Amino acid sequence: MLCAVKILKLTPVRTRLLSALFVAASLGSAASAREQVVIQKGTNGNTQLRGGSLFLDESAPTTTGSPDLDVKARTGQRQRALLLFDLSSLPTIGVKQATLTLHVKTGSPNSRTFGAHNMTSFWTQNASWTNRATDANNLTTAWTAAGGDFNGTATNTVTVATNLVSTVSFTITGDAQNWYDGTANYGTLIKDENEGNGGTTLSQTIFNSFSDAITTNRPSLTLTYLQNVQNLAATPGNGSVSISWTYPTTTNNLPGESYAGVIILRRAGAPVDKNSLPTDAQAPPALCSTIGSGTLVFAGTMSNTSFTDNGACSALTNGTQYFYKVFLRDNLNYYSTSVVASTYTAETAAVPGTTQTLAWTIATHSYNLGGGGLIPGSQMVFGSDTSQLFSVNLSTGQRGYPAVGLGGTVSARPPVLDSSSAANGAQVAYVAAQDGNVYAIDTSSTANGQILWLANLSQTGSAGNVFMGGAAVQVKQYSSASYTPTFDTVFVGTHNSSTATANSVIALNGTTGAVVWTFTGTNANKLDMVNSTPTVDYVNNAVWFTSHSNALTTQSNLWKFNPLNNTVSWSMNLGNAGDIDSSPSLTPSGDVLFVSANNGNLYAVNPAAATSGTALLATYTGTDGAIKSYPYIVTTVNPYTVVFTTGTMVHAVSFNKNTNTFTKLWDSVAFTSPSAPVVYNFSTVYIGTGSDIIYELSLASGVVTGQRVVDTGNNPMFIGEPSLDLVLNRIYVTTTTNDQRSYAYTVPF
Amino acid sequence: MPTRETRFLQRAALALVLCAAAGVIGCGSADMTPVQPPQPQVAAAMTVCNKTPDGCSQQQSFSLGTIRDLAIHVDWKNVAPGTRTQKLELLDPGGGSYQVLNTSFVEEDGGNGAAETDVLIPISGSMITQRSITGTWTFRVSLDDQTVATQSVAFAP
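In the order they appear, the protein sequences are chains A and B. The numbering of the first sequence is my numbering, which starts it at 1 and goes up by one. The numbering of the second sequence is my numbering, which starts it at 1 and goes up by one.
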């Protein structure tokens, strides 16, 4: 920034000195780093499946502006451009700089100031000045602020007369870093910073859009970044831990720059804090220095692909878990991180003196205890409080692509179908979110999280619906001949706290998102909130829901629906139980439905019963208060072993269908807030807890046979419901509080 | 006694410092314009209640056995004109971010700087009730990424 200052009588010496002073005052900190890439639709085969652009037009408020990107300041005729870049081609990087460049198609002769603003709401490619999204059933969702929901403070501004330049560039480094570090990527809005002061139409600038015929004229995002090491692994020894890694393939090097090696930070008992970062452009400090909560234990060159920690800086204690975070650095001492040690900074852990194995861990910067949906051996998909859906390669622990930004929190486990099973032929996850929408997302490595459709059910039946339970899917391929649709059907139940009688159950076409049928509670058949995931019954051709009952014993809490239409086969208040929050579980042969209730009882129900009057088979009266988990059915034939958790304990019971009797097998010792259980190999039970520990219990006795301490540094920390992978013999968990990671452990412990 | 050249350089350096400072607040013309009074500081006041079919009850402590959803009402004051985004975070007893909700609104030119928002956070059926995460939870509200206010609530069994 230069000011007009009157300086008298300049001599050559004085001129040179002043020039130096002004240059010094105006120098920024140009970020140089290892690699740089230009993300642009059509360049290097980049299809931008999840990206796009449009403009919002105040004078045509319900129309999507295209094909160009118009920006205008005039009152009542304001125009704003929206852009979203699909970053799937760079799923695991530490961003150092991000520059958004727009090409001018028609410029304004007046000097205007344009601002790049971070968007804060989900929108679709048919957004308009009034509406941010239109769903598969042509229902619209309005912006909360007409003209777009965005951060009112511009990330960057540029002042220019656009008829004098061919491009306008914005530095949006902070926004791009945040998209990798825990904030949903909803893209960027470009507007005139002096709207309302636009005078004549000469205030309008037209930029080229993603669909411009000339590829090089399309908007581009230039990212300067470092990658992370890959295949990071830790192997415990006696008083030692051996770390190994590989280096990424580099194709976008900046001239004269190269990766130079790694530094490794170590911490006992807890992961290195995400804010413990080496400083860019500074050489690594001395060995054994501390960087935040980590100790620098190794600094190596590119010839190093392993490091054995025999007690660098301080002896390792057998039985203590040590976490290692590995930063890749370049020859200018830039490190593979951004605002925080991003989700992609590689980290691992091991416990010397044991055989404990942590397969991998990644940071999500999100809070989710609901567990992930699995394609065993291949992929885990899970949601978060930050309105994002994550996809993780189960073998490597690497993200296949950056998280998908959705419109609301995802609190339940989403079902995932592989492409050979799904009727739509896609590797699809169905995600029910707290914005009242259900999303179908192609989670494959070719679609990289593309949203296939969304269904806005927030106003179905009653206004203000959200989803707390997940979606259930009836897969046509596995259904009997009586299932006549050509598509898979997705079932969800609404959580609407403003009504205890008029909540809804909705069936969607899994291929298109069209509503197939809706049931909304009535005075004759009151339906309170549904907080659980429904259960599809392929044997008895039904779909089961549990619900609240307005805390009454006279209102239904168990529902049997015909999956083909909105007919309620029957409903009942099961056992006078009142509210039910957990999902029902059906035996493989379909002969018993188990339901755990908030009153602490476990019920066995005949799913083939023609009426509710003959449905209840037996009741197990529990101890330790409300049952918190779904009933986990272990055995596949009668008698059935069922495991479930209450507020502080894990329980196992046996149910004999021949005699309709429950028998208690065992109650465990007390734990801090145990999660829902999973059972491996008919022998071991796994639970997360609120005390940083995953426990392994014997199915035969309920006795603790092993444990994994996840993170002792972020108390209190809760570990979520495990997901069980029988292909890789692992369990996966996510965590809360300041840990906010996902972990993979080999089982049995 | 400073030489003429020294005095010149001193004035130049002073001008440079003044320019650098002016660059922070906007370097306009050399004309002296009246200094505007500072913008009153943005302020926010939150109220939290348990939303049921019968209404919304404000409480100091909410029982996880009976709670449904929390409705958070925010009264804003001294908001500058333009589109603004409120970020409401719910922090768990350990300080971790449990949920983040963004709400945008428009403060019109010539308005009084006041605005209201209403946000609903589902609690029943969430991991809070399922895992009985009791204790003191904190709502933190920001405007365009600047933290403005916090409010604590207690969850009891």
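No lab work stands behind these hints: they were computed from the structure. None of the values given here were measured: they were computed from a predicted structure. Treat the hints loosely; a few may be bogus.
To spell it out: a stretch of chain B is covered by chain A in this simulated footprint if at least three of its residues, at any positions, have a beta carbon under 8 Å from a beta carbon of chain A; those stretches are [unchecked claim]:
hint, segment
1, 50–61
2, 66–72
3, 82–94
4, 102–111
5, 115–124
Per label pair, the in silico range of CB-to-CB distance [said to hold, decoys possible]:
hint, chain 1, residue 1, chain 2, residue 2, range
6, A, Q459, B, S63, 43 to 49 Å
7, B, P157, A, G269, 47 to 53 Å
8, A, T621, B, H73, 41 to 47 Å
9, B, S57, A, Y478, 21 to 27 Å
10, B, G95, A, T63, 41 to 47 Å
11, B, E108, A, D418, 20 to 26 Å
12, A, Q459, B, H73, 47 to 53 Å
13, A, T106, B, Q39, 35 to 41 Å
We put the CB at the ideal spot given by N, CA and C, even for glycine.
Task: Outcome, coverage of the segment 50–61 of chain B by chain A - at least 3 residues whose beta-carbon is closer than 8 Å to one in that chain - done: It holds, with 3 qualifying residues against the three required.
Open item on the list: Quick check: does the Cβ-Cβ distance between B/G95 and A/T63 fall within 41 to 47 Å?
Closed with: At 45 Å between Cβs, range holds.
Task: Cβ separation of A/Q459 and B/H73, checked against the hinted range 47 to 53 Å - done: 22 Å Cβ-Cβ, so the 47 to 53 Å window is violated.
- [ ] Could you check the hint for me, namely that A/Q459 and B/S63 are 43 to 49 Å apart, CB to CB?
- [x] Given range 43 to 49 Å: violated, Cβ gap about 30 Å.
Task: Outcome, coverage of the segment 66–72 of chain B by chain A - at least 3 residues whose beta-carbon is closer than 8 Å to one in that chain - done: It holds, with 3 qualifying residues against the three required.
Open item on the list: Between the beta carbons of B/E108 and A/D418, is the distance compatible with 20 to 26 Å?
Closed with: Between B/E108 and A/D418, where Cβ atoms are some 52 Å apart, the hint is violated.
TODO: Starting from the hint 35 to 41 Å, judge whether the C-beta atoms of A/T106 and B/Q39 obey it.
DONE: Between A/T106 and B/Q39, where Cβ atoms are some 36 Å apart, the hint holds.
TODO: Count residues of the segment 102–111 of chain B with a Cβ under 8 Å from any Cβ of chain A, then say if the count reaches three.
DONE: This one holds; 6 residues, not fewer than the three required, reach chain A with a Cβ under 8 Å.
Open item on the list: Does the beta carbon distance between B/P157 and A/G269 stay inside 47 to 53 Å, or does it fall outside?
Closed with: violated, 30 Å
- [ ] Return holds or violated for the Cβ distance of B/S57 and A/Y478 against the range 21 to 27 Å.
- [x] violated, 46 Å
- [ ] Quick one: see if chain A covers the segment 82–94 of chain B, three-plus residues with Cβ-Cβ under 8 Å.
- [x] Holds: 8 residues of the segment 82–94 of chain B have a Cβ under 8 Å from chain A.
Task: Proximity test - 8 Å, beta-carbon atoms, the segment 115–124 of chain B to chain A, at least three hits - done: holds (count 3)
Figure legend: structure checked against the earlier numbered hints; hints not met, in rising order: 6, 7, 9, 11 and 12.
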